Amino acid sequence: MKSDLKPLFNDNVLLKYADNITLLVPEYFTVDIATEFRHTQAWAAANKLCLNTQKTIRDCVAPTPGPISLHAIAT
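My numbering puts the sequence shown at residues 1 to 75.
Derived from the structure by calculation, the hints contain no laboratory data. One or more of the hints may lead you astray.
Within a straight-line C-alpha distance of at most 27 Å, the following computed DSS-like cross-link-like pairs (lysine-lysine) qualify [as the list claims (entries may be wrong)]:
{"no.": "1", "residue 1": "K16", "residue 2": "K6"}
{"no.": "2", "residue 1": "K55", "residue 2": "K6"}
{"no.": "3", "residue 1": "K6", "residue 2": "K48"}
{"no.": "4", "residue 1": "K55", "residue 2": "K16"}
Quick caveat, the model's predicted, so the values are computed rather than measured.
Start from the sequences, fold in the hints, and give me the full structure.
Okay, structure coming up:
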């Protein structure tokens, strides 16, 4: 298996290390997080891999002072 997983939009960044993938999406984006996640799911399926959705979280980081919330991504 080669590492051919790329984000759909060039401003989004995928950080890959061992069996972990981190997707960074800017505040203003063309492709939303759910679309990028479905793209990653399709890539995993095509490469006979599975995603552990129990460990999949969405971190929302506010640039201004305020709460940081964690929400599970609904599949």
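Hints and how they fare:
no.	hint	result
1	K16 x K6	holds (10 Å)
2	K55 x K6	holds (21 Å)
3	K6 x K48	holds (17 Å)
4	K55 x K16	holds (16 Å)
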